[in-house]
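Student: Sequence:
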Amino acid sequence: NKQATVETALSQKSGVDAGSISQILKIAAPIVMGYLGKQTAQSKVSDSNGMNSLLGNMLGGQPEQNQRLITTLLDADGDGSILDDVAGMVMGGSKKKGGIGGLLGGLFGK
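Going letter by letter, the sequence shown gives residues 8 to 117 in my numbering.
To be clear, the hints were calculated from the coordinates, so they are not data collected in a lab. Just so you know, these numbers come straight off a predicted model, no measurement behind them. Do not take every clue at face value.
Said to hold, decoys possible - Label-pair restraints from in silico Cβ distances: (1) M65 - I31: 12 to 20 Å; (2) D24 - Q49: 16 to 24 Å; (3) D54 - S27: 13 to 21 Å; (4) I34 - T12: 28 to 36 Å; (5) N64 - S21: 20 to 28 Å; (6) G26 - S60: 21 to 29 Å; (7) D54 - S18: 26 to 34 Å; (8) G41 - S21: 18 to 26 Å; (9) G85 - G41: 21 to 29 Å; (10) N64 - A35: 18 to 26 Å; (11) Q30 - S53: 28 to 36 Å; (12) K51 - T15: 34 to 42 Å; (13) K20 - Y42: 19 to 27 Å.
We treat Cβ as the ideally placed atom computed from N, Cα and C, and that holds for glycine.
Please take these sequences and the hints and turn them into a complete structure.
Tutor: This is the structure in structure tokens:
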């Protein structure tokens, strides 16, 4: 179950129990994805390098390991790029499942 996998990964990284992570994701994830989509459009991100740069800037230059974790969590189709996933979520065309993108779709019926 992808949802449980995401919750467990976030729980292990943060030290917060998975049940609390689930509740937090229901509230915070749509806000984060909306913001990420807006920043992607404003920055005219068109490739994975641009997305990595945007994430790095948003994370305040966090280590690449943390960026990889976020990319993995947001990558709904498992192709290693979140650009298509974010665009699909923002434009409402994503039918992919997996990662937080798929998790959000499952949680919110999209």
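Student: Give me the numbers of the hints this structure contradicts, sorted from smallest to largest.
Tutor: Result: hints 2, 3, 4, 6 break, sorted rising.
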